[in-house]
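> Below, each chain spelled out in residue letters.
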Amino acid sequence: MPWHMGAGRGCSGHSTNLLNGVRDKFIFDAELPIHKPLNVTSIFGETWMLRAISVFGLLITAAGLLVNPAYAETPVEVLAVLKTEASATPGFQGFSAARGESFFKTKHSHDLSCSSCHTDNPAAQGKHAETDKLIKPLAPAANSERFTDMKKVAKWFKRNCNDVLDRECTPQEKGDVLAYLLTVPKN
Amino acid sequence: MALDFTNFVRVFAVAMLLMAAAMSVAYADDDDDDYKFNVNNATWKSECGACHVAYPPGLLPAESWRAIMSGLARHFGSDASLDAASADEITAFLEKNADTGKHELSDKPLLRITETRRFKSEHSEVAARHWKNPGVKSRANCGACHTTADSGDFSEDNVKIPR
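Just so you know, the sequences run in chain order Z and W.
Just so we're aligned, residue 250 is where the first sequence starts under our numbering, counting upward by one.
Just so we're aligned, residue 66 is where the second sequence starts under our numbering, counting upward by one.
Isolated chain W (complex conformation) (with noise of 0.2 Å):
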């Protein structure tokens, strides 16, 4: 029975073991963490947010933001002019937490996400007909096939992609 016990014990160890070095290994392998957003502003989210997902700072760099802050009564077509207390807050906080890689050497700032070198390659796998998928609709409607757009968590565990 002692025996039995000991074991018992022995066999559990190595379980464990080879449990957390599996573990570590799937860590290791998930760069998850950059797909997921947690930097909040209510005056973003919901001004951002009414017409379209509210896109994450971290997917443009500041000077990206600055442009489209600037340019909000012909906002990708359309006017989406804000208040100056507003503006200035949402700028403040997308400059904050814009991305701060390296990104693409031009003169002009980009200002579509879907333009971005870290955008094209993260999505190279998508065949083009999903792009043209109506449910898709467009590249910018993150939330298509980002079923947790909305919370600011892009991670490839949550893509839906729509039949």
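Next up, chain Z with everything else stripped away, as it sits in the complex (with noise of 0.2 Å):
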């Protein structure tokens, strides 16, 4: 049976009346000798169109990955992750995005702050204090590479805080400078 002659009811699960009167206007034009349209089942089997949705759909998903690498983590979950931790404490309001830029601009131990490297615009490129290696932005609006793994961000906040601070920071800290972080735009 050619594909066109069962349109109506092969592939009417999502059609509506009118899309039916379009495909019966098609099928009639189809069925003029001169329009006789191709059949593709007989040509290719009945699984060619099943193997080209999959190619397809393969493609897709290649294509998807290449242009979007896949991170562990967004910034929103890693913040929820604190915000997890930070619960435990009693007293815990959440977290403000003002104390975060406060504390990550205020000099704490040794006259260093967050900022000595990563610089008072987080959207820029810093650059190490000690060595002089450059840092890319911290901001996630500036490098969509930033806080999207859980564990880079634990290694990170425990090895700089512990210069900067001389101790490891509080969830609430943490969550307080992410906070700032996402309200920092792109340059």
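Source of the hints: derived by calculation from the structure; they are not laboratory data.
Everything numeric in this text was worked out from a predicted model, so none of it was measured.
Beta carbons: idealized from backbone N, C-alpha and C, even for Gly.
A few of these clues could be false.
[Said to hold, decoys possible] Partial pick of chain W residues on the chain Z-facing surface, computed with a CB cut under 8 Å: (1) 116; (2) 117; (3) 143; (4) 144; (5) 145; (6) 146; (7) 198; (8) 202; (9) 205.
[To be verified] Covered stretches of chain Z, as calculated for chain W (at least 3 residues, CB under 8 Å): (10) 375-384; (11) 408-414.
[Claimed, not checked] The following residues of chain Z were derived to be distant from chain W, with all beta-carbon distances above 10 Å: (12) 323; (13) 328; (14) 339; (15) 343; (16) 352; (17) 353; (18) 354; (19) 355; (20) 364; (21) 391; (22) 393.
Two chains, each in its own frame: build the complex with the hints.
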């Protein structure tokens, strides 16, 4: 049976009466000898359409992965994890971007602040205070790689807080800083 | 005509021989092979290279690397602590490719590449003013002059001292 004759039944799952009307018109035109449509099934076999769909789907998925590298987490998810940790502290009332900004720019121990290396503009490139090695922007708006890997976030908070404050930061402090960084626009 | 061609072949052959001789002299004089470190490990590169140039393992003996890797929480004044799996992988890589030459006899392993005899002798001709240049900042800042330090190439040809 040519595919177009079954169109009214086989593909009608999502169709409306209006669409059926259009299709009927199309079928009518197609029945004219000069417009006889190609019978795909008879040429490529029954599974042709299925194969085409799966190949197409794979291509779309591959393209999607190439364009948008699959990060383990998003910065908002990281913030949610920090919030869960912070909630364990009695009196927790949420994160504050303003408090985070002040914490980020205030000098703590050793005359160091977060901005000593990351600069006062976290959307800009920073420089390691000791080695001069360039540091990519910290604000997620300016660098999509930031705060997308919980393990990495934990590693750097631990190291940098120890260097700048001589202690680890509290979940409240980390969350405030991330809340601030999420408000920093791309340069 | 035939004679001219034979002459040309002779001249060409002599030129080739001279060139080969000149090249082998140049190679004999060029010990830059010692200054190219081609070993690589992704974890070493990304972790050690996060804050400074990933110093090639061949610049320190294995005992120095072991001492450095066991004290990462206080790494030259910074917390550079790592998860155990990464630290183990990097330590193994450093040990495997460490400097095996003769080194200084001392009770404690040297932790700074800049204090090795090799570093000092290689840099003996570098004037003091270069070290004080803000663009150099520190003797540990290889990349300030060794433009290809990031790829492990410390050959003299690629040295450019900032003015």
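> Next, verify each hint and record whether it holds.
Consistency of the hints with the structure:
1. 116: holds, 6 Å
2. 117: holds, 4 Å
3. 143: holds, 5 Å
4. 144: Holds, about 4 Å.
5. 145: Holds. Min distance 6 Å.
6. 146: holds, 6 Å
7. 198: violated, 12 Å
8. 202: holds, 6 Å
9. 205: This interface hint holds because 7 Å falls under the 8 Å limit.
10. 375-384: With 5 residues close enough to chain W, the hint holds.
11. 408-414: The restraint on the region 408-414 of chain Z holds, since 4 of its residues have a Cβ under 8 Å from chain W and three suffice.
12. 323: Residue 323(Z) is indeed farther than 10 Å from all Cβ atoms of chain W, at 22 Å.
13. 328: Consistent with the label, residue 328(Z) stays out of reach of chain W, its closest Cβ about 23 Å off (over 10 Å).
14. 339: Non-interface label stands for residue 339(Z): nearest chain W Cβ at 29 Å, farther than 10 Å.
15. 343: The claim holds: residue 343(Z) sits with its nearest Cβ about 29 Å from chain W, beyond 10 Å.
16. 352: Since the minimum Cβ distance to chain W is about 18 Å, residue 352(Z) lies beyond 10 Å and the statement holds.
17. 353: Nearest chain W Cβ is 18 Å from residue 353(Z), so the label holds.
18. 354: The assertion about residue 354(Z) holds, with a minimum of 21 Å to chain W.
19. 355: holds, 19 Å
20. 364: holds, 17 Å
21. 391: Given that every Cβ of chain W is farther than 10 Å from that of residue 391(Z), nearest at about 18 Å, it holds.
22. 393: It holds; residue 393(Z) is separated from chain W by about 18 Å at its closest Cβ, greater than 10 Å.
When the structure is compared with the earlier hints, a violation turns up for hint 7 alone.
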